[in-house]
Structure formats: structure tokens, C-alpha cells
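**Q** What follows is each chain in one-letter form.
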Amino acid sequence: MSTGTGSDPAGITRDVSKEDQKRDRQVKYVLLGCAGVTVATTVAIFLVLFDNASGYFFENRLHEIVLGASVEQVITFTEFFTGTRWAPDHSTPAHGILPIVWGTLTITVGAAFISIPIGTATALYVSEYSSGRVRAYLKPSLEVLAGIPTIVYGYFAISVVTPFILSPVGEVVGLSFGRRSMAAGAFVVGVMTIPMVASISEDAMNSVPYDLRNGAYALGATKFDVSTKVVLPAAVSGIFASYILAVSRAIGETMAVALAAGMTARITLNPSEQIMTMTTYMVNMARGESAVGTVEYQSLFAVGLVLFLMTLAMNLLNDRLKQRFREEYQ
Amino acid sequence: MTVEESENETILDRGVSYEDVRGRLFLAVCVAASFFGIAMLALLLWDVIATTYSAIFEFGVNPRDFLTQTSSRNVEKAGFYSAIVGSLWLMVIVSVIAFFVGVGTAVYLEEYAPDNRWTRLFEANLANLAGVPSVVYGLLVLGVVVNGAGIGPILLAGAVALALLIVPIIIVSSIEALRAVPDSVRQGSAAAGATKWQTIRNVVLPAAMPGIMTGTILALARAIGETAPLIMVGALFITTRTPGPFDRFGAMPTEIYTWAAQPERQFIAMAGFGILVLLVVLFSMQGLAVYVRRRYEVEFGE
Chain A
658 MSTGTGSDPA GITRDVSKED QKRDRQVKYV LLGCAGVTVA TTVAIFLVLF
708 DNASGYFFEN RLHEIVLGAS VEQVITFTEF FTGTRWAPDH STPAHGILPI
758 VWGTLTITVG AAFISIPIGT ATALYVSEYS SGRVRAYLKP SLEVLAGIPT
808 IVYGYFAISV VTPFILSPVG EVVGLSFGRR SMAAGAFVVG VMTIPMVASI
858 SEDAMNSVPY DLRNGAYALG ATKFDVSTKV VLPAAVSGIF ASYILAVSRA
908 IGETMAVALA AGMTARITLN PSEQIMTMTT YMVNMARGES AVGTVEYQSL
958 FAVGLVLFLM TLAMNLLNDR LKQRFREEYQ
Chain B
84 MTVEESENET ILDRGVSYED VRGRLFLAVC VAASFFGIAM LALLLWDVIA
134 TTYSAIFEFG VNPRDFLTQT SSRNVEKAGF YSAIVGSLWL MVIVSVIAFF
184 VGVGTAVYLE EYAPDNRWTR LFEANLANLA GVPSVVYGLL VLGVVVNGAG
234 IGPILLAGAV ALALLIVPII IVSSIEALRA VPDSVRQGSA AAGATKWQTI
284 RNVVLPAAMP GIMTGTILAL ARAIGETAPL IMVGALFITT RTPGPFDRFG
334 AMPTEIYTWA AQPERQFIAM AGFGILVLLV VLFSMQGLAV YVRRRYEVEF
384 GE
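Just so you know, the protein sequences line up as chains A and B, in that order. Be aware that the first sequence starts at 658, since it is given in our numbering, and climbs by one per residue. Be aware that the second sequence starts at 84, since it is given in our numbering, and climbs by one per residue.
Quick caveat, the hints were computed from the structure, so don't treat them as lab data. A quick note: this is a predicted structure, and the numbers were derived from the prediction, not measured. Treat the hints with caution; some may be incorrect.
Claimed, not checked - Facing chain B, according to a computed beta carbon distance under 8 Å, are these residues of chain A, among others:
no.: 1; residue: R680
no.: 2; residue: I808
no.: 3; residue: K880
no.: 4; residue: L969
To be verified - Pulled a few chain A residues facing chain B out of the computed Cβ check, cut under 8 Å:
no.: 5; residue: A692
no.: 6; residue: L823
no.: 7; residue: V826
no.: 8; residue: V829
no.: 9; residue: A943
no.: 10; residue: T951
no.: 11; residue: V952
no.: 12; residue: R981
Where is the CB? At the ideal position from N, CA and C, for every residue including glycine.
Turn these sequences into a full structure, and let the hints guide you.
**A** Below, the structure is given as C-alpha cells:
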């Protein structure tokens, strides 16, 4: 088989000129190279984050240590993971990541309280109740909502949500909201993740076979029963996948919280106070154009690594759930 | 109440039963939830337009000056022009890099890749890349391109970050477009004596191109609104010069961020004006994507 390629055992393309066949092979390698870019991206993310984060914890970066530099730990993991003050750029520096992890978690949980119930109810309405005409308006509107840049949501928080929604509510419950607050950040992140929960949950509900619904109706179930006791449980792994994705998105959300939630790293439960998320810390520190090799610069990568590992865990969980859902119905 | 009576009630006069109330209440909650998102969207758009109005009439921002002046710390001299040029350059470079890499990868996966463990691992990797926060892409480029390769915080570095961010999106939508081309078309081309690449270039890609273009335009619209990766590579830069590919730069979203974070109300109003410009660009791109899909999509009858 000097002329045939692997995919052409019958040798139909034997008449094709040698140049065309050579071009065919070259193109395949170019395309393989393109595919290699995405693999290289993943590998590079891991390498860059670990390499520079090691420069934060140890005196030297990982590749320098591998090449024989000394391993001298300057920031202990105990301080990093259990310290309650975060100020790597302060004159008396502190390296406890907990306050900014706390900031990220409060935003994530707060946002989930908005996006999960509203997104699920929207999905139920679109999939089980709405007429075709309502759906034809509702779904594109949600797509537009999903396509709005996150910086715009941050602006929306300080320009509308805080003065016209949070402040009036705050007066009733006795909280005074400043320009930036944990609640404002959580609110807009919740709103921006509604379309994600709604559309993925709706897909899951749509792929529940109609036989299941009809079976329940035949037994005398109401539409409410069918929606909550048949469709919801049957689509549950797909719905959970949408929640995980929304949570993952909220963890990594940057600009909306940088504008809306504030820049003070602290552990608090008061929704009217400012907090700082991991992502806010990163954009603030990069803004300062910290010089390469300084502890501020290396701290970006340490925080980035923690952030990346958190979202990676969420994404892997999401993959698992999606696979399970596919096995169930498709 | 006996069973018979209750049956009569529901079947004959449809009186209000507990189940009726519960069902209607539930529907009302679902409808309210569905319109919450739309209400927020309406509120957001209304606010952007109202702020632009107040920027022009309350603060006296001349729209022509706004669109022709460059970035400045002085609120009277600050304009959006350099940011618009920065975003246009980003769009050009990002579309070249991301289109080539994204479509190339999709063609490889769909037309060449064997169905084995490595390919499945590759696809899982792709799904995870799509979930990596955008700020991490900025960090990657900061470490590898800006400081590692030492090209500095220039526009090209920002373009690389945005391109890497949207490549997974373009790959997924291109794969879908390629899958929609039936195998009979490929076999017909092969039977006519074309090589695999000739088939792809002359038959498969033209047929899939509307879908690929739609996906690419939507991905570009996503890239153009991204702020965090640009800030990570150092785009918060105030300059009176309009940037080229090898200059320090700002773009529309980073300029909006700078203005929105200022204490002066006029800057905040200008941020609203900037958002209006950004949204007009985004909605035009999304409209164009829908138009391309409707106008050029090839239907294959089975």
C-alpha cells in the first residue's frame, strides 16, 4: 500500500496525483496543530499557576527549584489556608486567604439564592406551561440577558440595584447600604446566572419522555403534580448540572463583583458591608501593575490557582452529572 | 364530604378545590419568576438610555466629542475614541487567531480524529476549558506572553487572551455546523475522485460556513465585552494616543470600568454612555449572526 491512505483501503484515490496526497497529509498536521493549541492552553494554565504560586510560597519558582535553586518556604500553608487577614501588599503583610475565599463564597451562595429558584421556575414555566407565543419572546430575552457583558451588570448594580432596590429594602430592615455591598454583588451575579440555570434546566425537562407525563395524567395527576413530582425528579441530574455550572460561573465572576461588592477583604455576614472576592483582588492587584517577582505579583498566581482549582472541581462534577443524565434518557 | 360529592364538584361545577388553588398559585409563581429576568433586562436597558440622556443634557457631554476624544483623566477631555479603536483592533486580531485555531480544531475533531480514548479526553478538556474563568486566561497571558515572552502589556497580548478564551466556544459551534453536513455529501465528493482535504475545502466547509460564521460572530461578541482578562494583562491605561497592535492600550469595557469606578457623577454618566455604545455594537453583531444563519443556512433534505 504505497499510495493508499489508512482511510482508503480500497485505493480509490490511487489516481489522485502525488502532490494532492502530500497536501492532504500536510493539512492534517496543520489541523492537528490547531487542536494542539487547546491542549497547550490547559497545560500552560497548570504550569504557569503552579510555577508562579510556588514563587509565592517558596523563595523560588517551581522551574528554578527543579533546576536546583534552594527550597525555602517563606509563607507557610498553615498561614495561607487558616489566616484570617489578607493583605499581601500591606507594610505589615498578612497572607491568610480566608477573607477573600469568604467573599467569593458569600457572593456565590447569595447569587444561588436568586438564580436557582428563579431559573428553575422559569424553566418549568417555559417547558411545561407556556404557549408557543410566550416562549418565542421569553427565550430570546433570556438569551439577550445572557449576552450582556458582566461589566454592565456591575454598572447596573451601582446605578439601579443599590439605590432603587437595596436601599429601600435596607431602610425597612434597618441596614444602610453604601455604594458597594455584598448584597449588590450577589444580586447582580444571581441575575446574570438566571439564563444559564433556566436554559440548561429547560433542556433537561424537555428531554424527559412524554410517556412519563402521560402516565401520571392517566392516574389522575394534576399539572402541578406532573411538574413537581414527575418532571422535576426525572430531570434532576440535568437540573443539578445547571446549578453547578451557575455556581462555577459565580465563583469565577469578576467585573460585576469588582464594581458592585467592594474591595475590603473581611469575614462578615452583614450583606450591607463591602467584601472582596478572589477575583476582585486579582483585578485590583493587576491594576497596580505590580512588578514581576514581587510578593504582590506572585500572590496573583497563588489566588488564581485556588480559584482555578475550585472552578475545575465544579466543572468535573458538572461533566459527571451530564454524563449520568445522558445515560438515563438519551 | 363523600367521594361522590367531591367528584361531582370537580367534574360538574369546577368549584375551587385545594388542588386548583395550589396549581394556579404555582403557575403564578412560575410566571412571576419568568418575568423577573425580563424585568431586570428592561430596567437595565432603560437605565443605560436614561444615563446617556443625562450625560448629554445634564452634564453637557457632546456626543461628537465623546466619540472623537481620546482617553483622559480630565473629565472634560475624556472620550471613547481610543477605546473604540482598541476594541476594533482586538476584534480584528482575535477573529483571525480564534477563527483559524477554532475551525481548524473542529475540522480535525470532526473529519480526522479517530474515535478513541485520546479524542474523548480531548473533548473533556475542551468542556473544562470553556468553564475556566476569564480572569484566569488573563493570568495565563500575563505570565506567559506579557512577562514570559517579554512583549509587555500591549494590545496583541490582550488579543491572545481573548482569542484563547473564545476558541472553545468556536470549536463547539463549528463542530455542530460540520455535523449538520450529511455524510452522503462527503461520499459524493470522494466518489468523484476528490481527496479528503479537497472534499473538506470545496464541499464540507462551504456547506458548514453559515453555521461556523454565526458561531464565530457570537463568540466575538462575547470577547468584545470581556473586561477581566484585559485588565490582567494591563489594559487599564490612560493615554491620549489611539492604540495600534503593539501599543499599550485600553478597550471599551476597560474604559467603562475606569469611569464607573470614579467618584464624579459625570464620569459615571459617561460610563453609561460608553455602555450604550458597547451594547449597540454587541446587539448589531448578534443581529448579524442571526441574519447570517437565516439568510445563508443550507438545508439538507434527508
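**Q** Next, verify each hint and record whether it holds.
**A** The hints, checked one at a time:
With a cut of 8 Å, the hint placing R680(A) at the interface with chain B holds, because the nearest CB-to-CB distance is about 6 Å. At about 5 Å, the closest approach between the beta carbon of I808(A) and any beta carbon in chain B falls short of 8 Å, and the interface hint on this residue holds. The closest approach between the C-beta of K880(A) and any C-beta of chain B is roughly 6 Å, which is under the 8 Å cut-off, so the hint is satisfied. A cut of 8 Å between beta carbons decides the hint on L969(A): the least distance to chain B is about 7 Å, and the hint holds.
The restraint placing A692(A) at the interface with chain B holds, with a minimum CB-CB distance near 4 Å, inside the 8 Å limit. For L823(A), the interface hint is violated, since its Cβ never comes within 8 Å of a Cβ in chain B; the closest pair sits about 14 Å apart. Annotation: interface hint on V826(A) violated; nearest CB of chain B at approximately 15 Å, more than 8 Å. With 8 Å as the threshold, the beta carbon of V829(A) stays out of range of chain B, its nearest partner Cβ sitting at about 20 Å, so the hint is violated.
The beta carbon of A943(A) comes within 5 Å of a beta carbon in chain B, closer than 8 Å, and the hint placing it at the interface holds. With its C-beta approaching chain B no nearer than about 12 Å, T951(A) sits outside the 8 Å limit, and its interface hint is violated. Using the Cβ-Cβ criterion of 8 Å, the hint placing V952(A) at the interface with chain B is not satisfied: the shortest such distance is roughly 15 Å. Checking R981(A) against chain B: minimum C-beta separation of about 15 Å lies over 8 Å; hint violated.
In summary, the structure is inconsistent with hints 6, 7, 8, 10, 11, 12 from the numbered list given earlier, while agreeing with the others.
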